[in-house]
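Visitor: Residue strings, one per chain:
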Amino acid sequence: MSAVDAPVGLAGRLGQSAVRPDGVAKTQGTFEFSGDLSADGFLWGATLRSPHPHARIVRIDLSGAWKIDGVQAVITAEDVPGRLTYGLISHDQPVFAHEVVRFVGEPVAAVAADHPDTCRRALEAIVVEYEVLTSLTDPEQAVDGSFPPIHPDGNVIRHQRIVRGDQTIEGPVVVEGTYELGMQDQAFLGLEAALAVPDPGGAGVELHIATQWLHEDRKQLAACLDLPEEQVRLVLGGVGGAFGAREDISLQVHSCLLALRTGRPVRMAYSRHESFLGHVHRHPCRVWMRHHADESGRLLRVEARFVFDGGAYASTSSAVLINGITHAQGPYHCDNATVDGWAVRTNNLPCGAMRGFGVVQACFAHEGQMDKLAAAIGVDPVEIRLRNAMRTGDHLITGQVVESVAPVERLIRELAELPLPTEPVGGHDHDPMRLPGGAGLTADPATIRRGIGWAISIKNLMYSEAFDDYSTARVRLADGVATVKFATAEVGQGFVTLAGQIARSVLGVGDVVLDRIDTHIGSAGSTSASRQTWMSGGAVDGACRLVRERLFEHLAAVHDLEPFQLAIDGSDVIDTVGTLRVSVAEATAGLEFDETFEHHHRPTEDLDEFGQGNCHTAFAFAAHRAVVDVDPELGLVKVVQVATVQDVGRALNPLSVTGQIEGGIAQGVGLAVMEEIILVDGHVRNASFTDYLLPTFLDMPDVVIGLVEEPEPQAPLGAKGVGEPPTVSSTPAVVAAIRDAIGKDLHRVPVRPTDIVFG
Amino acid sequence: MSVVVPTSLADALRAVADDPDAIVLAGGTDLMVEFNEGRRRPSSIVAVHRVPELSTWHHDPVAGTLRIGAGVTYDEIERDPIARWVPALSQAARTVGSPQIRHAATIGGNVGTASPAGDGLPVLAALDAVVELTHERGVRLVPFGDFMVGPKRTVRQPGELITAVTVPVLSGYQGYTKVGVRNAMVIATASVALVVRPGAVAIALGSVGPTIIRCHDAEALVSAHADFEACRVSDDVVHEAAELVRAAARPIDDHRSTAAYRRHAVGVLAARLLRRAFQ
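As you go down the protein sequences, you meet chains A and B in turn.
For what it's worth, this note's numbering labels the leading residue of the first sequence as 1, then goes sequentially.
For what it's worth, this note's numbering labels the leading residue of the second sequence as 760, then goes sequentially.
Looking at chain A on its own, in the form it has when it is part of the complex (with noise of 0.2 Å):
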């Protein structure tokens, strides 16, 4: 039954795909996106950033800023009235920066003025003296300690070893490789923008912002402004997209700080060129891994080397950092390891969370590896897969063992059995923008070589490493409609459309009233990690069920019964063993139930130092399979198709699962042929959607999805989360498949037209 022809009061429940509260909005262009956002009597709020990637700042002037007309504030440093840095994980970062800067496009200054063009002028009117110092963009020089501290915290911002078993196993096969991923950005299409507005004398300031996790950025703001949290109150700006660059701070601070400065609302809004300096980006990162097995191809140990280039602050590098090592067996049977991690600090742009988070590096390169020992035993990519597969109770490399569902042989087996493209290169109809290169006319299809590529992942759900995961949510029943309350960020991923979802089937309520999401409940973490229908769907289920405790109770105390016969039926409350039959609406009439709920997920452990425990949650696991048309003489690509099946526990809601697969999907075939953020010494070539390419409709492949449901035992609604794994294995499928295309190793993503034509 689809959502449209369900009965009225049955329509939008657990399993349907319901449809988005604010999808009319969105499409209609009425939406109010966190950039549309203003206030009597607003100012412009603007950053001046260092043009050099690293610099002792000897001297800055503001004198020429304020003398220009409509200026009302120029701030820097010195301004800042509580803690000088911030930091997801550490606070290393500064609000300004404070006797140097460490990458292009750090913050050293900000102005208030009545107009944006004002606010310009008042930028150039700052004179900033640099001192330029030696910048240190190669990471293997912060691993080796060859290049003086760039910082106080010093160049290696984590380093963490993986040693598991059996350390003396080698070969008999033994497959090698060195594999390297680019800058991706996440290139959401809702720029960063804030609207500050400070309480009357300035007791306090409500931030409207667009972000990922709003205790978190009041945390941090509240010690940077010196205020107590309660003074800080956030409230979420519509979101254009996250994907991960909105869970650091950017522009929050500057924001309040001119606000509070000014007892004017302040409004700030980047451009697409201040975006790309203004947000952490995924991290570069180069692997070594080598691989032995027996002669069946079984794995036998993982070696690995990773370095991931953090850039100047810290941001999630560390987490993200166990996410990669602690993910570098993929998800097969392996009992022995020996892997070796950096996360290290350059004056390259900071880099932090990315849909992946980690996981996509260690991808790429299990994935190009199993390729490798495909080919040295003579099995196809199929088969060494199947060969190796996770299992549910198989020891990851951790030692953590994997209780969750871990269907990866079904994932493949089902994968090979979706259909293969039935038409030739360019299509039945011979049209040239189906061919590599598209509306360019390059291809001649008899030139064209069509490959095929698979690549399965495991990803971790939720937070790790002992950290205290928690949303919260608030129902209130009355007179049939249910509010929900909560703090979760909706960045267009759908958690309003699942709430309500929760909500009506639960409750049996056909109309659920959203309350605004904002910090006048508790948090509801970070959306992130793949984890708020599992945790934020865990908090609003759990208090929809203690609202639904409180009203059978009520209703059997009114008819003498007992509360446990009573259920929800439809939208109606019924006796199972009795006559009693009342809808919700009348049941509610007039009564008021109110419950709050937090849903915590398990405890995890740290890491010791053989890097041992059970730092994860949960998992979840992808297979895709790509299918590419190559040009290999201009070295041209075409995704034709990316087919997958995708493990996700319950798809809650089928729609919302498609969009995420898809999107996932389109994000990895980005990184693979695409997107790179290309820095020349520290310092960005294509900070605009001119030169950094997202893939466009002709770029995009055809989708084929299949889903694994079966439902997961530790999740409140048996659901996994959906977010990250499309992502994870699209990557190196669409390389292994042009890998197969051309008979060429193709090591690093994204793959660039030279490394076909020249690698």
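None of these hints come from the bench; they were simulated from the model.
Among these hints, one or two may not hold up.
Stated by the list, open to error - Stretch by stretch, here's where chain B covers chain A in the computed footprint (C-beta under 8 Å, at least three residues): (1) 428-440; (2) 630-643; (3) 682-691.
Backbone N, C-alpha and C define an ideal beta-carbon position, used for all residues, glycine too.
Please build the complex by placing chain B on the supplied structure of chain A, with the hints as guidance.
Guide: Chain B only, in chain A's frame:
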């Protein structure tokens, strides 16, 4: 900043003559990017999108020419009837940006910006198009090959407005092909236009030098050795022509690609166009 929005050609010419430093806005798909990124801060702008005389074209079947007004958009050039008369220009038009961009972008703007990566320009070069420059005092006609003298540099004089380009309407093969890292909506990393006339070919390259490059050696070779009657050319000639095309290119390394790749690519593209033309 002042903005003048003339509604007739006479007013436009007056505006340009009155303020020789004014930037002419003719679609804005290049200029606004530069403006928004702060690379350019013009003090005055003459926006010509409301000048009706500029957005018309005229086909002269007797002379065998098509005069395309500078304000004609790439969206219109992409379609019939212009696509029928100058198919290579239509192919180039299809590679310009997105549909939204093509609705705004004009051929006059493309010519005026004179970027080596301008998509229409190799086709105009291969067609021996003539650029019409109009001043209040009169009109001068400049062959495209003499018009562009460097990256974003032309012979247009202060007070002159690009009012049209005139191209021949030919019956032989003509094609445009372009390499970018994306399958649409991408700046050319290398492009080639080929135009076949009775007994002669013209080959022009984009994005591989400071200006659009005509490959005179390759043209002479093919013109001498191709069988225009039977529409045949030998593989050897194609290979040799491709080498001459590569030799004519003067590419650079930048963030979009390498000189080596660009040089390689124009040879491949030229060979493919020759095979399409002579099959």
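Visitor: Give a verdict on every hint.
Guide: Hints, verified against the model:
Under a criterion of three residues with beta carbons nearer than 8 Å to beta carbons of chain B, the stated coverage of the stretch 428-440 of chain A is upheld, 6 such residues being counted. Counting residues of the stretch 630-643 of chain A whose CB lies closer than 8 Å to any CB of chain B gives 5, which reaches the minimum of 3, so the coverage claim holds. Given a C-beta distance limit of less than 8 Å, the hint that chain B covers the stretch 682-691 of chain A holds, as 5 residues qualify and 3 suffice.
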